[in-house]
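Student: Kindly generate the complete structure, drawing on both the sequences and the hints.
Keeping their order, the protein sequence lines are chains A and B.
In terms of the working numbering, the first sequence opens at residue 616 and continues consecutively.
In terms of the working numbering, the second sequence opens at residue 38 and continues consecutively.
Bear in mind the hints are in silico, worked out from the structure with no lab data behind them.
Do not take every clue at face value.
Under the rule of at most 20 angstroms between Cα atoms (straight-line distance), these lysine to any residue pairs were calculated in the SDA-like manner [to be verified]:
no.	chain 1	residue 1	chain 2	residue 2
1	A	Lys701	B	Leu426
2	A	Lys701	A	Leu633
3	A	Lys701	B	Tyr368
4	A	Lys701	B	Ile425
5	A	Lys701	B	Ala379
6	A	Lys701	B	Pro367
7	A	Lys701	A	Leu638
8	A	Lys701	B	Leu375
9	A	Lys701	B	Asn366
10	A	Lys701	A	Arg635
11	A	Lys701	A	Ala711
12	A	Lys701	A	Gln813
13	A	Lys701	B	Met365
14	A	Lys701	A	Thr779
15	A	Lys701	B	Ala372
16	A	Lys701	A	Ala629
17	A	Lys701	A	His811
18	A	Lys701	A	Trp636
19	A	Lys701	B	Thr376
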Amino acid sequence: MNWLPPNGALHGLAIDHLLRWNLAVLFWMFVASQVLLVAALLRRGASSSAPGPARPRSFAAVVLVDVLPLVAITALYLWMVFTSHKLWAESRESMAAPHAIEVEVTGVQFQWYFRYPGADGVFGATHPNLINAPAGNPLGLDPADPHSADDIVSAVLMLPVGRTVDITLRSIDVIHGFSIPGMRLKQDAIPGMTGHLQFTPTVPGDYPILCTQVCGLGHYRMQARLQVVPQTVYDQWLAARERALAAESRP
Amino acid sequence: MNDANPAVTRRSLLSRLFTTDHRDLAILYFFLALAAVVLGTLLSLAIRIHRVWPALAFPFYGVPTPEQYLAGVTMHGTLMIFFVLTVVPQSAFPNLVLPAQVGTSRMAFPRLNAAAFWIAVASFLVLLAAFFVPQGAPISGWTAYPPFSAIVAAGPGQGEGMDLWLVSILLFCCAALAGSFNFLVTIVARRAQGMTYSRLPLTVWSWLVSSALTVIAFSALLAAAGMLLADRHLGTSFFLPAGEVVNGIQQRIPATPGSPMLWLHLFWFFGHPEVYISILPGMGLASSLIANFTRRPVLGYRFMVVATLLIGFLGLGVWGHHIFVSGMNPYAGTAFGLTTIAIAVPSSAEVLTWLGMLFRGRMRLTTPMLFTLGFISFFIAGGLTGPILAQPALDAYLHNTFFVVAHFHLVMAMAGVFSVFAGIYYWYPLLTGRRMHETLGHLHFWISLVAAYGTFFPMHFAGLAGEPRHYAQLAGPVESFASLIPLERGITYSALLLAAAQVIFLFNVVRSIRRGDPAGENPWRATTLEWSPILHPIIQSGPYAYGPGAAPGTDFLPQWESTEISRKGPGEWEALPKQE
Chain A
616 MNWLPPNGAL HGLAIDHLLR WNLAVLFWMF VASQVLLVAA LLRRGASSSA
666 PGPARPRSFA AVVLVDVLPL VAITALYLWM VFTSHKLWAE SRESMAAPHA
716 IEVEVTGVQF QWYFRYPGAD GVFGATHPNL INAPAGNPLG LDPADPHSAD
766 DIVSAVLMLP VGRTVDITLR SIDVIHGFSI PGMRLKQDAI PGMTGHLQFT
816 PTVPGDYPIL CTQVCGLGHY RMQARLQVVP QTVYDQWLAA RERALAAESR
866 P
Chain B
38 MNDANPAVTR RSLLSRLFTT DHRDLAILYF FLALAAVVLG TLLSLAIRIH
88 RVWPALAFPF YGVPTPEQYL AGVTMHGTLM IFFVLTVVPQ SAFPNLVLPA
138 QVGTSRMAFP RLNAAAFWIA VASFLVLLAA FFVPQGAPIS GWTAYPPFSA
188 IVAAGPGQGE GMDLWLVSIL LFCCAALAGS FNFLVTIVAR RAQGMTYSRL
238 PLTVWSWLVS SALTVIAFSA LLAAAGMLLA DRHLGTSFFL PAGEVVNGIQ
288 QRIPATPGSP MLWLHLFWFF GHPEVYISIL PGMGLASSLI ANFTRRPVLG
338 YRFMVVATLL IGFLGLGVWG HHIFVSGMNP YAGTAFGLTT IAIAVPSSAE
388 VLTWLGMLFR GRMRLTTPML FTLGFISFFI AGGLTGPILA QPALDAYLHN
438 TFFVVAHFHL VMAMAGVFSV FAGIYYWYPL LTGRRMHETL GHLHFWISLV
488 AAYGTFFPMH FAGLAGEPRH YAQLAGPVES FASLIPLERG ITYSALLLAA
538 AQVIFLFNVV RSIRRGDPAG ENPWRATTLE WSPILHPIIQ SGPYAYGPGA
588 APGTDFLPQW ESTEISRKGP GEWEALPKQE
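Tutor: Structure follows, in structure tokens:
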């Protein structure tokens with residue numbers, strides 16, 4: 616079970632634990648069933664096969680052989696669903712944490728863009744008719760909106776360790792799949808809708824971001840990088856980006 | 038040879054081609070599926086080879102581009118799911134034996150039935166035409182999610198190729214609907230005297246449920262494909278949101294914006310029942326064949342009927358598990374997780390029943406029985422990862438990884454194909470009067486079994502490592518799955534072996550037409566009516582009267598034969614006790 620990439624998210628430990636015991640139980644059920652099939656295969660010549668009148672089975676035998684395994688399997692499936700629902704509810708069926716860092720993720724063939732709201736804490740308005748990637752406005756930020764002036768658009772997702780992040784998920788062309796395997800995270804970016812995702816990175820490091828919904832000929836190379844860094848490094852990075860932005864907008 | 042068998046008597050090729058005879062149609066469907074499976078397999082091998090040797094140039098072709106890779110994936114999925122895994126279990130097999138198994142000599146609507154075949158052929162040809170238009174076949178996968186599939190500029194193949202794909206799907210829906218109406222009415226209205234519902238073989242129960250599912254599910258797909266075509270050409274916006282910018286170019290702004298989510302729901306409302314459409318007939322066949330080859334009745338016939346009905350019914354309510362991570366309401370995810378676990382219960386019940394049946398009586402290890410065991414093996418192997426993927430929390434990691442590819446190739450493709458082989462080996466004498474070669478059959482089975490596990494089992498590990506589907510190359514700019522290449526090469530070698538093993542099967546089919554052992558009447562000593570020498574029997578017994586004491590002096594009572602107590606006279610058969 617060392618196949619999974621190293622986990623770097625708070626909720627990931629529980630997910631990995633759940634996945635591991637699920638896989639272990641189901642793997643042994645698989646082995647047991649295949650052993651039964653092979654046993655049936657080898658048994659065909661056995662003397663027990665001598666024809667004779669079929670004996671009526673006792674009630675106990677019926678319960679033991681027919682009912683009990685099914686009840687046990689059903690109980691197992693239900694246990695899986697209920698333990699897993701707890702995790703799903705914690706991560707998805709809750710409102711964004713009040714002090715979460717806000718980042719908007721936008722998918723576009725074949726690139727991920729990450730937008731930070733800047734010092735004012737508000738994302739500026741965007742318009743599809745302002746989208747112009749060659750001119751440096753891939754998201755269509757509206758210069759007329761005062762909130763957009765300090766918005767930082769990055770090709771790298773930079774996050775401080777230990778802080779919850781609230782991701783707003785968008786796409787401007789086709790459906791993309793926003794996936795960070797190392798954060799045990801995946802959700803589609805659907806054009807015309809905004810999605811929300813929250814998670815807390817706990818282990819500093821670099822994590823690949825993938826596209827997991829076929830989106831065109833460049834699907835396989837639609838990748839980006841998540842960098843989880845200490846808070847001070849994150850603050851410095853943000854400040855540097857703000858300064859660069861200010862320098863850029865000054866003619 | 039059996040002269041009563043109309044397919045065996047010599048007739049002109051033309052009269053066989055433009056026929057309304059269901060057995061001739063079954064043969065034609067087999068040819069259609071054969072063409073599709075050969076092409077679909079070659080595409081899958083090209084895909085596998087390109088994944089692990091990305092720089093390799095194919096002879097007379099060159100190195101595939103990423104769009105050619107995706108076109109290959111799209112066409113592989115479309116061919117296999119519609120023209121193989123639907124056509125054989127849900128068209129070819131019922132045409133071959135369904136009327137006989139319910140005790141009639143003709144379908145309820147023979148012309149509609151024949152029309153269904155020719156519409157399916159048209160659908161196939163239109164699909165193939167997509168390879169030959171400029172920019173080639175579509176690249177959006179067999180699920181064709183819009184706006185990718187709705188906007189021509191979204192990629193090569195999304196223009197004329199996508200149009201042809203959609204027209205092909207529309208035609209296939211019509212064929213599937215026409216065929217299923219005919220099967221439904223045939224089962225309900227054309228059963229022989231005495232063929233009560235509780236005397237129907239489980240294959241017929243399966244076709245009853247899968248045909249009902251076809252009517253419901255393919256209607257949804259028909260509507261969805263029509264709406265997508267309208268979005269592309271008639272200016273509607275069922276699936277098109279506002280503010281689409283593709284390749285830097287702003288797209289038409291719809292008067293009333295739609296949502297791609299509608300397609301996701303419509304498509305999977307079709308897509309999930311489709312799994313049961315292709316696997317339920319195999320499940321019914323497995324029950325029948327185990328009963329035959331162990332010479333014991335099906336354990337709990339009524340229980341199996343109820344399980345089949347439950348799978349069909351619940352199968353209509355689980356589609357949301359395909360779109361847990363689409364941003365669908367998380368409470369919906371929880372609900373669909375529960376319905377999915379619910380459907381695992383009747384499925385597990387059927388598996389437990391088969392396992393129980395294997396340990397009764399004396400099993401005859403014929404080729405059809407071997408393939409039935411293979412079917413069960415794969416059904417379990419693929420089925421057991423179902424409860425994992427039914428959990429939204431885990432699917433949020435595993436969705437669209439190779440773990441899912443492993444899951445559905447085992448439970449749908451391999452289980453489906455192995456039950457198709459079981460059916461072909463079992464029913465071959467009906468068409469030729471001869472049996473296929475047993476030793477070659479065993480060889481075909483064992484190589485296929487090992488190669489199929491070798492192909493699809495390691496995909497679980499690639500999926501756990503996070504490797505996504507639809508990647509034309511394993512090495513990307515940030516994340517490289519190149520460390521998985523040794524594993525992936527093993528998969529490719531196994532896939533090549535799996536494909537090569539099918540040459541044994543094709544050779545066996547062809548050689549046995551003339552050189553197979555004469556089968557005689559009822560070669561498997563079966564009870565169900567497709568083996569009946571009598572054209573219009575009156576049914577007095579259940580479908581699985583096997584075992585000591587089933588009939589005096591023998592261990593089975595065919596449904597076309599009378600029991601002693603039944604020799605009372607016509608009209609009194611209703612009062613007889615039902616045997617199961």
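Student: When you check the alpha-carbon spacing of A/Lys701 and B/Ala379, does it fall within 20 angstroms?
Tutor: Status holds; Cα separation ~18 angstroms.
Student: Against the 20 angstroms threshold, does the CA-CA distance of A/Lys701 and B/Thr376 hold or violate the hint?
Tutor: holds, 17 angstroms
Student: Below or equal to 20 angstroms on CA atoms is what counts here, so check A/Lys701 against B/Pro367.
Tutor: Holds, because 12 angstroms separates the two Cα atoms, which is no more than 20 angstroms.
Student: Assess, step by step, whether the Cα of A/Lys701 is no farther than 20 angstroms from the Cα of A/Leu638, and give holds or violated.
Tutor: Judged against 20 angstroms, a Cα distance of about 18 angstroms means the pair holds.
Student: Holds or violated: are the alpha carbons of A/Lys701 and A/Trp636 at most 20 angstroms from each other?
Tutor: holds, 16 angstroms
Student: Is A/Lys701 close enough to A/Ala629, meaning Cα to Cα at most 20 angstroms?
Tutor: Holds, at about 10 angstroms.
Student: Hint check: A/Lys701 vs B/Leu375, CA-CA at most 20 angstroms. Holds or violated?
Tutor: holds, 13 angstroms
Student: Please work out if A/Lys701 and A/Arg635 have their alpha carbons no farther apart than 20 angstroms.
Tutor: It holds: about 16 angstroms lies between the C-alpha atoms, which stays within 20 angstroms.
Student: With the threshold set at 20 angstroms, check whether the alpha-carbon distance from A/Lys701 to B/Tyr368 stays at or below it.
Tutor: holds, 12 angstroms
Student: For the pair we were handed, A/Lys701 and B/Met365, check the Cα-Cα distance against 20 angstroms.
Tutor: Holds. A/Lys701 to B/Met365 sits at ~18 angstroms (cutoff 20 angstroms).
Student: Decide if the proposed pair is consistent with the structure: A/Lys701 and B/Ala372, CA atoms, cutoff 20 angstroms inclusive.
Tutor: Holds - the C-alpha atoms of B/Ala372 and A/Lys701 are around 13 angstroms apart, at most 20 angstroms.
Student: Does A/Lys701 pair with B/Leu426 here, judged by a C-alpha cut-off of 20 angstroms?
Tutor: OK: A/Lys701 and B/Leu426 at ~16 angstroms, within 20 angstroms.
When the structure is compared with the earlier hints, no violation turns up for any of them.
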